[in-house]
Each structure stands twice: as C-alpha cells, then as structure tokens.
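S.K.: These are the residues of each chain, in order.
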Amino acid sequence: MSGVLSVTGLRARYGGVEVVHGIDFDVHEGEIVALVGPNGAGKTTVLRGISRTVRTQGTVTLLGVGTHGKDAASVARLGVGHVPQGRGTFADLTVLQNLRLGLLARGRAHRRHGDADLTRMIDMFPVLGEFLSRPAGALSGGQQQMLAIARALLARPRVLLIDEPSLGLAPVTTSMLFRTLRELRSDWGVSVLLAEQNARLSLSIADRAVVLAGGLIVHTGPSAEVAESGELRRAYLGSAAEQAVTR
Amino acid sequence: MTEILQQLVNGLAGGCVYAGLALAVSVVFQGTGLLNFAQGEMAVVAAYAAWSLAAAGWPPVAAIPVVVAGSAALGAVLERVLVRPVEGTSPLALITVTAALLLGLNGLVAVIWGTDPHSWDSPFGASAVRLGDVVLTAQQIGSVAVVAVVMVAVGCFFRFTGLGLRMKAVAINPGSAVLLGIRPGRMLAVGWALAGAVGGVAGLMTAPTVGLSPEMMQGPLLMAFAAAALGGFASPFGSALGGVVLGVLTTMAARYVPALGGDLALVVPFGVIFLVLLVKPSGLFGRAAVVRS
Chain A
1 MSGVLSVTGL RARYGGVEVV HGIDFDVHEG EIVALVGPNG AGKTTVLRGI
51 SRTVRTQGTV TLLGVGTHGK DAASVARLGV GHVPQGRGTF ADLTVLQNLR
101 LGLLARGRAH RRHGDADLTR MIDMFPVLGE FLSRPAGALS GGQQQMLAIA
151 RALLARPRVL LIDEPSLGLA PVTTSMLFRT LRELRSDWGV SVLLAEQNAR
201 LSLSIADRAV VLAGGLIVHT GPSAEVAESG ELRRAYLGSA AEQAVTR
Chain B
1 MTEILQQLVN GLAGGCVYAG LALAVSVVFQ GTGLLNFAQG EMAVVAAYAA
51 WSLAAAGWPP VAAIPVVVAG SAALGAVLER VLVRPVEGTS PLALITVTAA
101 LLLGLNGLVA VIWGTDPHSW DSPFGASAVR LGDVVLTAQQ IGSVAVVAVV
151 MVAVGCFFRF TGLGLRMKAV AINPGSAVLL GIRPGRMLAV GWALAGAVGG
201 VAGLMTAPTV GLSPEMMQGP LLMAFAAAAL GGFASPFGSA LGGVVLGVLT
251 TMAARYVPAL GGDLALVVPF GVIFLVLLVK PSGLFGRAAV VRS
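These protein sequences, in sequence, are chains A and B.
The numbering used here puts the first residue of the first sequence at 1, with every later residue one more than the last.
The numbering used here puts the first residue of the second sequence at 1, with every later residue one more than the last.
Bound-form chain A, shown alone (with noise of 0.2 Å):
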C-alpha cells in the first residue's frame, strides 16, 4: 500500500505550551488508522495540523504534496476532509444545501458522479433524506453528525479526518456510521484518520492504531494488536478498551 498521507515532525503549541512534540506516522490508500489516546493526549490538534487550521511544525505530505506554507482551503482542496468536534454544520441552511457544499467541494474527476454520489449517502443515511428541506440546526446531534460526516465524503476527500465521531451519538447510530466509513473506504478509495476516545469502538474498524500519550506516539501497530495489548489499555486507553477484550 503507498502511502496517502505523511506527517513527519509534527508539533503544535497553543500559547506558550508545546502539546505535539514531533510525531511521524503515515496513512496508507484505503486505510482506516485509529488515533487513540486519553484525554488531552493530542488526537484533536493533530488533526487539526493536519488539515492546518492550527499552525503546526514539521511536514505534511497529502500524495507527496507538502501542506507547509498552504492555508486550510488549500488543503482541503488538496482532498482531506475533516469533520470536527462540534461537527460544525450551518445551522441555517437546509440539510440539501449543506450537502450541496459538499458535492461544490469536490474536484473536477468526480463532478459527474455527484447525483449519483448525493443519493448513495441518502441511501446510506436515510434520516438524511427525510429532512432535506429543514433546516441542519433544526436536526439532532446523531443526525448533525451524519450530514457532517456526508457533506465531507461528498467532497471525495482522499483522507478523512474525523474527530470524536461517536460523541453523543446512540450506539446503534454510532455502528452505522462506522459500518458505512468501511464500506467507503472500500469503494471510495478514501482513506479515514480516526480520532476517538472510545478506544474500543475505533479499533474495532481500524486496520491500524496510533496511541498517543501527552504528546507522543507511545505505539503504532495493527489495531487487533493493540486491543489485545492488556498493557496498552491499561496505560492509555481507558476501561473501554478493557471492555473490548473482556467481551
């Protein structure tokens, strides 16, 4: 598998405070890679390197293009995707029209295939099609982050980044969304960077794992792996990892 994305160096600091200190990992084409970690490990700002809408140090590779010195525009035009935290909607347009940025977000390759693309993600979320027409505030938080997480894969991104993605999701709704990213990235080609607390539900989908611990990569393997690493899950991913193998 060649590589889609590369982060090599990566640090970040917010103020005075270095919360990133120089990490490396890579994404592989139609690959799903878990970033697990406890709270405050870093999982959120390396994202947020990535897609830079925080300024970071090192490099970052998309298909071997360097992001240094581009804005996050630029970058999202590049092809990554990132569904924050918060999931950042517009509240105010309907739910069409929040997927129709998704679909104008796309690069000319995949233009043609935007009716056809638009009805797969209704299909694949159909509450979705239900509420076209309501506004996307109007929606609940499952629902918010269904169209968020639509509207980016709209964009065909070549890696999605998304951020906390089962936060104050129900668990049935939590499953779907994680059955539909394996079957994108099956057909889609996309490659996803997982950000979750929920240790446990990320490496269930992931083929791979990045723990991170204040900063640092403390682990990088296959996610069965690290869920079966009883040392790992006790030192940073929680009872919910535990709860992953006990089962």
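No lab work stands behind these hints, which were simulated from the structure alone.
For every residue, glycine included, the Cβ atom is placed at its ideal position computed from N, Cα and C.
Hints should not be assumed to be uniformly reliable.
Claimed, not checked - Partial list, computed: chain A residues near chain B (C-beta under 8 Å): (1) 82; (2) 96; (3) 109; (4) 113; (5) 171.
Claimed, not checked - Residues from chain A shown here face chain B by an in silico Cβ test under 8 Å; the list is partial: (6) 77; (7) 91; (8) 229.
Unchecked claim - Label-pair restraints from in silico Cβ distances: (9) 88/B <-> 107/A: 41 to 49 Å; (10) 133/A <-> 52/B: 26 to 34 Å; (11) 257/B <-> 131/A: 42 to 50 Å; (12) 277/B <-> 140/A: 27 to 35 Å; (13) 161/B <-> 214/A: 42 to 50 Å; (14) 89/B <-> 182/A: 26 to 34 Å; (15) 68/A <-> 275/B: 55 to 63 Å.
Put chain B on the given structure of chain A with help from the hints.
M.R.: Relative to chain A, chain B alone:
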C-alpha cells in the same frame, strides 16, 4: 379614489429607493454576516460618478454599466483594504470600520464634488403615462422595474448558484467553510462587490428624485435598515419588499394622517416594524436561527 391611487404610486416609487438600498444591505448581510453602515455613501459615490460621466457627455446606456461595475470594484477594494484586516477580531471593530467608512466616503464626496446640491435628469426621460387620472412618470416606472429585476437576480443568485451558497456558508460558519476548500476572504470580497453594484443601482435610481448631495442617502439608508429589519436581513426579497411597504406607509401617513406631517410620518412605518418584530424578530421573511442539541 384617484388621489389614493396616485399616493400609492408615489409611495411605491419612493419605496423602490429604500428597496434598492435594503437589497444591498441584505446582500452584505447574507454574504458576510455584517451590517454595512457605509452602504448609502457607496451609493452616493456611484450617483456622483454617473453624474460626472453624464456631464462629460456619456450617454446613460454607457455610463450606468460603467458606474455599476465601478461600484462593484469599489466594494471589493474597500473590503480588501479596510474590512479584511479587522475580520475575525470583534463585531464591534467591524461596525466601527463601516461607520468610519460612512464618514470617510461622505467627506471624500464633499471634497471631490463639493457640498452644493445638483439636479440630475432621469435616465428614463421626463415623459409620463396616464392611467385614468393617475400619472406614472417614466422615472417611477423605470426605477420600479430596475429594482424588481435586481431583486429577482439577487434572489436567484443566492438560491440557485454555487457561489451564492458558498457566500452564505461563509457568513454562517467561516471555520467550517474553510474545511470545504472555500476561501472566506474571496467570498467576502465578492459579497461586498455585489452589494456595491446593487447599492450603485440604488444610488442611480435615487439621484433623479431627491437630487445629488453628499447627504442624499442618509435618510434612505435609515429607511433601508428599517426595511431589512421588517422583511428580514437574511432575505433579499423580504428586505426589498420591506422597502416598498415602508415607502407606501410613509407616503400615506404623511398625506392622510393630519397630525403626522413631514418627518413625523415616520412614526407609522416604524410603529408597524415594532409590532412585526415583536411577533417575528427575524422579520417577515427571515428565518430564525435554529440551533438544537
């Protein structure tokens, strides 16, 4: 009855001035989420520029497109040079910049063209049409038609075009818009350019009626803000319609409520706005912000 119809026509024509400017105010609000207090002065610059071109022998058919395009360019330049540096600081800073722009442009007009009022012939000619005993001037018919066309065009732009949708997205949530590859700065410049063009049209429609002076748009701007509040700042159609309603109400009140002569006639439309906003704070055609979760 004829008298009432004539007053209605006069009110509609006067309301079109407010409608045009309210439309420009709504465009900036839709595209940037900001109230532009300098919108009226930008229209004054357009009116004086057209007057200068006319004085230099340009026919209206050539002068008007050039002035409208120039107004769009002025809007984009003002956004880039004066507004963008304070974008993202605080709403108060942005309001202060547009208020300062109002004063600055007003002074600039006085320096370039002087403070003496000038008259300017209507680009639609001086003819009139009689419908029974009701008289419609070419200026009234022309300005109503132009404002209606601009209103429909602006409405279609925001409703049906990708650029219009991107502009609304930036105004609502610039942080998320960036993640979709949208450049907020570019969208804001387009918003100001569009508002500059629409405001320029409003200035050109107003000048033949009220005459040219640096203060010619100050009263209409106040009415335009009121119109946008009545119809909904986020609704170009509602804002324009609000302007027409205000024009009719003001004219009727001044004519038929004996105690409300002159500026006191403003009490009636503003009373109506007060009542509407009590019932529907987002305006008649505005949509209240919906936030759940």
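S.K.: Each hint should be assessed against the structure and marked as holding or not.
M.R.: Quick rundown of the hints versus the structure:
| no. | hint | in the structure |
| --- | --- | --- |
| 1 | 82 | holds (5 Å) |
| 2 | 96 | violated (10 Å) |
| 3 | 109 | violated (15 Å) |
| 4 | 113 | violated (17 Å) |
| 5 | 171 | violated (18 Å) |
| 6 | 77 | holds (4 Å) |
| 7 | 91 | holds (6 Å) |
| 8 | 229 | violated (34 Å) |
| 9 | 88/B <-> 107/A: 41 to 49 Å | violated (28 Å) |
| 10 | 133/A <-> 52/B: 26 to 34 Å | violated (48 Å) |
| 11 | 257/B <-> 131/A: 42 to 50 Å | holds (48 Å) |
| 12 | 277/B <-> 140/A: 27 to 35 Å | holds (30 Å) |
| 13 | 161/B <-> 214/A: 42 to 50 Å | holds (48 Å) |
| 14 | 89/B <-> 182/A: 26 to 34 Å | violated (44 Å) |
| 15 | 68/A <-> 275/B: 55 to 63 Å | holds (57 Å) |
Checked against the numbered hints above, the structure violates hints 2, 3, 4, 5, 8, 9, 10 and 14; every other hint is satisfied.
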